[in-house]
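Chemist: Each chain, letter by letter, is given below.
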Amino acid sequence: MAAPLDLSVYVRRRDGTAHIELAVEGVACGACIRKIESSLKALPGILEARLNFANRRLAVDWRDGALDPARVIETLDRIGYPAHPFRPERAEIEEARRAAWLMRCLAVAGFAAVNIMLLSVSVWSGNVTDMTPETRDFFHWLSALIALPAAAYAGQPFFRSAVAALRARRLNMDVPISLGVCLALAMSLAETIGHAPHAYFDSAVMLLFFLLCGRYLEHAMRRKTRAVAGNLAALKAETAHRIDAGGEIVMVPAAALVAGDRLLVRPGERVAADGVVLTGHSEIDESLVTGETDRRAVAAGAMIYAGATNFSGALTMRVTAAGTGTLIDEVERLLERAVASRSRYRRLADRASRFYAPMVHATAAATALGWLAAGASLHDAVVTAIAVLIITCPCALALAIPAVQVVASGALFRRGIILNAGDAIERLAEADTVVFDKTGTLTLPEPRVANAHEIDPALLALAARLALASRHPLAAAVAREARDRRPVEGATEEPGQGVRAVVDGAEARLGSPAFCGLDGAAAAAAPGPSLIACSHAGRHALLAVRQQLRADAAQVAQALAARGLDIRIMSGDRPEAVAPVAEALGVARWNGAMKPADKIAVIGALAASDCRVLMVGDGINDAPALAAAHVSLSPITAAQIAQAQADALFLGERLAPVLDAVTIARRAHRLMRQNLWLAVVYNAIAVPVAIAGLATPLVAALAMSGSSLMVTLNALRAAKRDARRPPADDAAVLAPRPRPA
Amino acid sequence: MNVLVYLVPAALGLGLIGLVAFLWSLKSGQYDDMEGAALRMLSDDDLDADA
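Those protein sequences? They're chains A and B, same order as listed. Just so we're aligned, residue 0 is where the first sequence starts under numbering that gives the first Met the number 0, counting upward by one. Just so we're aligned, residue 0 is where the second sequence starts under numbering that gives the first Met the number 0, counting upward by one.
In case anyone wonders, no lab produced these hints; they're calculated from the structure. Please read these numbers as outputs of a predicted model, since none were measured by experiment. Idealized CB from N, CA, C, for every residue including glycine. Fair warning: there could be bad hints in the mix.
[As the list claims (entries may be wrong)] Selected chain B positions facing chain A (in silico; Cβ < 8 Å): (1) Val-2; (2) Leu-6; (3) Asp-31; (4) Arg-39; (5) Leu-41.
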């Protein structure tokens, strides 16, 4: 019997209308949109249901009180679209607002750029033919009329950032950009008033347009990955059985739990919050918490942590805030220290602009002084100096890195890697040491049948179908072997023993070795893995269930080593459990039984000996190490606190994304440096021309668009596909297949 | 020359109308779901309602 689901945390109410957002799985085509929307609109009280196909989110409005939101989810489930309630993060809302603002700026800059260019081309051709000075002045005034308000509006993203940087007494790329644009506009206005033949309105506005294109694309890419990450978080969001004051059991999302709530945790369920056991005895699997694969026995009074899986008996627990001296408390303390002591990474673009901005400004000043010394008028000297500033305005430089970043994060996204941090690509490229956690990172997060290939396929298939009838976590591992996903009919579960059913006239059993009469064989088998027995009509088998290495772990480790990375393993598990994994991967340096503080200490020592560490881990115990490392990766199955620290997440059951991430990041980093050099070469040619006073508006326009185009085209090479491996399907990333339960 | 005095501003005015129309469509959320819009166009829901 399913307990009623309480969704009130996700519902937003306004003026008698209630609103909920859901992340929907399995949306594949246009027909799905209609099916979902029409079946929801058939429910009483629904005002509006609209599916956003691009990010697979559904917004539902209904008259408050007329409908239980759980019915919306039930309806969707029945027509084959599992839906998960969703609360948009504040960061995501903020980014959506910023994207809309950038788009408005881009539209204004685009409008202004094309119209001013129209007028400018007329002036350029008029200057060499028979245009009257009055017509030229008229066109210049019209250009000013468009350019000044457009730049005041569309330049804001740069002006604000430049002002913020100057206030903090720093220089960033936006300082020379803002200065160049403002001076170009001011000088052009002065020239227009003085009836001069040249004005640079077109250069200033075109510059803004190009740069806004880069900013917007960068932002759009980040938003896309963030939306996917948000959906995945909603898909993973756990529910808990809360025991209300009256003793009634209500299912609530884990996000709604508060300290003091009493919860029921049945066997096979995940613990949804940290707390103290009130009643019951059980064994819990804490591999996601500590990396330890041996189960821990718990009884009343024991502290248990979110992320542990309950194995044998039902428990009731009280949710508590982390107390002092607990594991979570220690992890949080270490985390704070790790974050505080981490030096802020200085991005390549910031490092470049620290050299660039003073150099450009000094060159412009020297130009003005030089011309004055050579006897030019003050007006001519200033105009030439400003022309230097305009032509060196770092259009190519400002696009050089974002363009590569956009293309590279798109390539990573197609491979199932979701970036959390903007500068993760640069840091990934610099990594020279990889530290892997074992449990859940090198191994699959859920246990599998290790000796499946040694077992009679017919018997294994029967065992898997029997296992589908059980809720025991070990049975779930066996059930994963099932091709035929129908449970055996009439199967009965004997708690703590196993499952039995009559199949083809003979009794079939799946459960503990004692339950199947295989005690002797089990005792003879090697210790270590958990054993499950299966018997049917005289045939029997022992299934060894344990956490298995990811299928491509050894290959990935070899490939990483071949790329010159030093590979290590640091696990919270017992050394005896780590040794075989290290041997299988050919890793010589490994440690077992590491506490979170030990992991940080090793990473600190590596950093002190000038190693750039890439930490790959998933457990709560890995979170401080992930934060302390130069750059970090987590599988999507990782604990929430670990995911929050990781610079990027990877999807799927393979380890290959770690290799892809390093490969793509290194290629991207190479292209970024190439692009910076391209910008330097461009400046080496353009600056002398400007200093000589030959940079007319036409030359400036050609030089700027030419160099921007060059770095953008070069950036596209970051997406170069590996012919050997097909990329993961984009749509599959957006709407992951439901995992077999 | 005289003809430019009103034709060029007229051309700019038309462009401005286009810009305002784009900003309006952006504000009213028409670009929120580009993929969905492409698929919704193919659905025959509206015809069913008439029949």
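Chemist: Going through the numbered hints above, which ones does this structure break? Give me the numbers in ascending order.
Modeler: 1, 2
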